[in-house]
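With the hints as a guide, bring both chains together as one complex.
Chains as they are written, first to last, in numbering that gives the first Met the number 0: chain A, 0 to 380; chain B, 0 to 153.
Calculated directly from the structure, the hints in this document are not laboratory data. Here a beta-carbon is modelled for each residue, glycine too, at the ideal position from N, C-alpha and C.
Only pairs whose alpha carbons sit at most 25 angstroms apart, straight line, appear in this in silico DSS-like list of lysine-lysine:
(1) A:380 - A:273
(2) A:13 - B:7
(3) A:164 - A:306
(4) A:258 - A:273
(5) B:104 - B:50
(6) B:95 - B:123
(7) A:153 - A:273
(8) B:50 - A:258
(9) B:14 - B:95
(10) A:258 - A:302
(11) A:153 - B:123
(12) A:153 - B:104
Below, a sample of chain B positions facing chain A; criterion: calculated Cβ distance under 8 angstroms:
(13) 60
(14) 81
(15) 86
(16) 87
(17) 89
(18) 93
(19) 110
Derived list of chain A stretches under chain B, where covered just means 3 residues or more per stretch with a C-beta under 8 angstroms from a C-beta of chain B:
(20) 137–146
(21) 195–203
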Amino acid sequence: MKQRVAVCAVAQIKNEPDIWYQRFQGMVLECFETIVEQTGVTFDMDKGIRNVVTCSDDVFDARTISDNAITDVVGAHFRGEEKSCQDGSNALGYAMASILSGHDDVILVAGHCKESQPESRRMCSNLAFDPFYTRPLGLDFLSAAALQARAYLKQSQVTDAHLAKIVARSRENAARNPFARENELVTEDDVMQSPLICDPIRALHRYPVTDWAVAMLLCSEERAHEFTDKPVWLTGFGNCMDSYFLGDRDLSESTALQKAARRAYTMAGVDDPKTAFDIIELGDAYAYQLPMWAENAGVIEPKSAGKWIDSGGPDRMGVNLSGGMLNGNPFKLGGLARAMEVVLQLRGEAGDRQADKAQRGLAHGTTGAAGQHHSVLVFEK
Amino acid sequence: MQKDDFSKSYVVEGKLALPYTYFAGRVGSTFLTTLRDQKKIMGVQCNQCEKIFVPPRQTCERCLSDIRDNWVPIENSGEVVNFTVVREQDKHLPRKTPYILGLIKLDGADTPMVHIIDGIDPEKITEGVRVRAVYTNESDPSILYIDHFEPISS
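So that you can see chain B by itself, here it is in the shape it has in the complex (with noise of 0.2 angstroms):
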């Protein structure tokens, strides 16, 4: 059968779109608040495992600590310690490619958090690369609240 012989067969153009609201909990509630407000960066440290978790979380995953009340700043500024380059676009993302996700490592965490980085040639990127938080009052409500991170020039 060829491809293009579409004569006898029915076929329904669907659509997924579902509208609704997601509840970020209390620990998330907080932590994207501080974020829009403040626009400063919280973590939950675990004691017992003596680590910080960006973004936060209610229950340690190793020792299931509960650490919900341990809020600790985090700074606006960190380190790329893993990048890579988005270069076909799709309906999805939220720029137009190519663009840089980054594993970025706040200064005062431990685990590194992916955000988009912005301000910097795509085929410049590098690990180790120092950069900031460019806040914006237009996202959506979300981890967008941080537009994107930025190279801090020396």
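Extracted from the complex, chain A is given alone in its bound form (with noise of 0.2 angstroms):
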């Protein structure tokens, strides 16, 4: 028998562009609060909470080890506790392969992230990059998405009419989203007089600085009726890292992301996953995002991804109905945006923006230079 993972309780607090008045210990304690309150966990070293996998960025929270200060704000103190420095989805593929292993069957994930704070994400990313080849170049995460952008348009049907489309559609869908960055709504025609920022990439085609925090309690099979009588499953989990040097790479495909979403297919026995979803998150970062991880994750076609946003595809398939991380999400939370998004359309507490009988869906989250990571989740009923 398949053996499945269950989400028992999502927390957020609501994506702000600047949360001053609040530490963001404060913000992880709002969602943390708010699980207990769901489930009525313990941290009894029976029967409750004893490994803790929270998300957290050095360089963002310009500390080391940035899991040290939130340790006592999640009930880590004598007990495990993990940090993923990836992608936030990886928190989740972390806590299912320790429930899956039988290393444990409760775990709490937990995350934030103030980009407010530093003075410039670009700086951040830029240390991302080696101090020999790239980074005294500047390379940061923008010029190596644009770069990544270039190669994508080049082959595919996607114009700077499909991205102003894409950025738009964003907004809208998170007028919707109580928990979404408020932005104002934009036209397709603001989007393309955006000015270049990084050339194709306009202002309008990036996420905007984000701050959030997110909780998730997970657990064996078995013990969610303890927690939950609404459990969403966790079914599939992969991930892949690609090439370091951007010239390594074919940047107008992602290899990563084929391997890590046919790993998480595999693992929840899709099929097709053109016809398996009905809920589906990308994280966009940037705008050609949207469409070249949906060719890449298998959901629509090779070079079809043109035709696909003008007849509607997006709306047809249920894809980042929250706004996406276009719309504004932390970087380094995208995976788990997406996933929060997914589990709740799955328990149908999506409000305004509820997909139609939501059985299954997918979310995407990704890290690194132009996509180098991926990690895809299968979430089931």
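Structure below.
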């Protein structure tokens, strides 16, 4: 029998441009208390949480071992505590591995990031590059994404007009999500008139600076009934790391996402990803990534994204109904934000943006320069 | 709460700055000292994959062969195969914006390398432009021994 992991409860605060009035510890505490309230979970060493996985980033927190600043908030003293400094979706993969291996049966996952605190996100991501060959050139995640955008747009049927549609739609969807960052609605014309910041990426093609915190409680299948009568099942997870040097990769496609997706689909028993999902959340930090990730995750055919966008494909397939990364989540927590939306949709708790009869969903997260690392999660009702 | 209401907030203006010494490794050191002393670009070849990598590395990521001694000379010229124009100024950038970052496929190499392209109007850069390395003795020790690449006038 296929083994399953239960997502028992999820909690988040609202995505905001600058949560100056609260420390990140306070942001996480709100989520944590909501989880306890929803589930009654304790820190009892026999029956409660014995293992916590946190997700944060040393550079964005400007301190090394950033999880040290959060262990007391998430009750991690005197028990297992692990940190994922990859995209947050890997914290869920970690929790899943811990449960399926029998290492533990109840895991708390918590993540935080205040992108508003550093002077520049680009300065942070410049530090992801090596000090010899790439960092001195000023490469950062924006310029790396721009090189990928050019490579992808050149071989795909996706145009600047398609990217404008994606951004306008993201804002409209986010307006129906009470936890989304509050952004002004924009027209396709606004997007196409917005200045180039790193060709071919325009100002409105880039996700805005965002602060957020999130928590989830996961447990083994046998114990799910103790914490919820509405479990969502995490049935598949896969991740993959691509080459480091941009020139070593074919930037027009993502081998890493193809492999991560295949691993997740195999684990979850998904035969045809084009028809398997009612909800799809993709980590589109930049507008070109929504079609590119959709193609490479195999939910649409290669080189079909232009027509797919023109014919309302993203709406038809329930893609990024949350507003997506483009509307604003901290980059580090992008995959957790995608998973949050999928879980809410499968629980039927997505309010005005609720999809009909959502049974199975895909959540995707990515970190690194130009999607170097990808993770794919499959959730089922 | 209003954004400017800091009357009861205590804020520390911090900064992460850590003087540090990075070792480029033996393969990286050969590459960088050759750039500095001979103004020559070297790659390493994986004989099994028949691929020449720039920047060089000790191990082929595809077949895991040890390729550290398979040095091959690479030309100082090549072709722009991809580029972006960096337009937003920031403190980590080595140039005033707008400036061009390009992926340059050097003659003799299989993997394009990122570098700065100068000597051409950023509005006029296209893929396919032929460029050559312009060296400097003044930069910090790094890939910036090549100050930039400039178009080869035909």
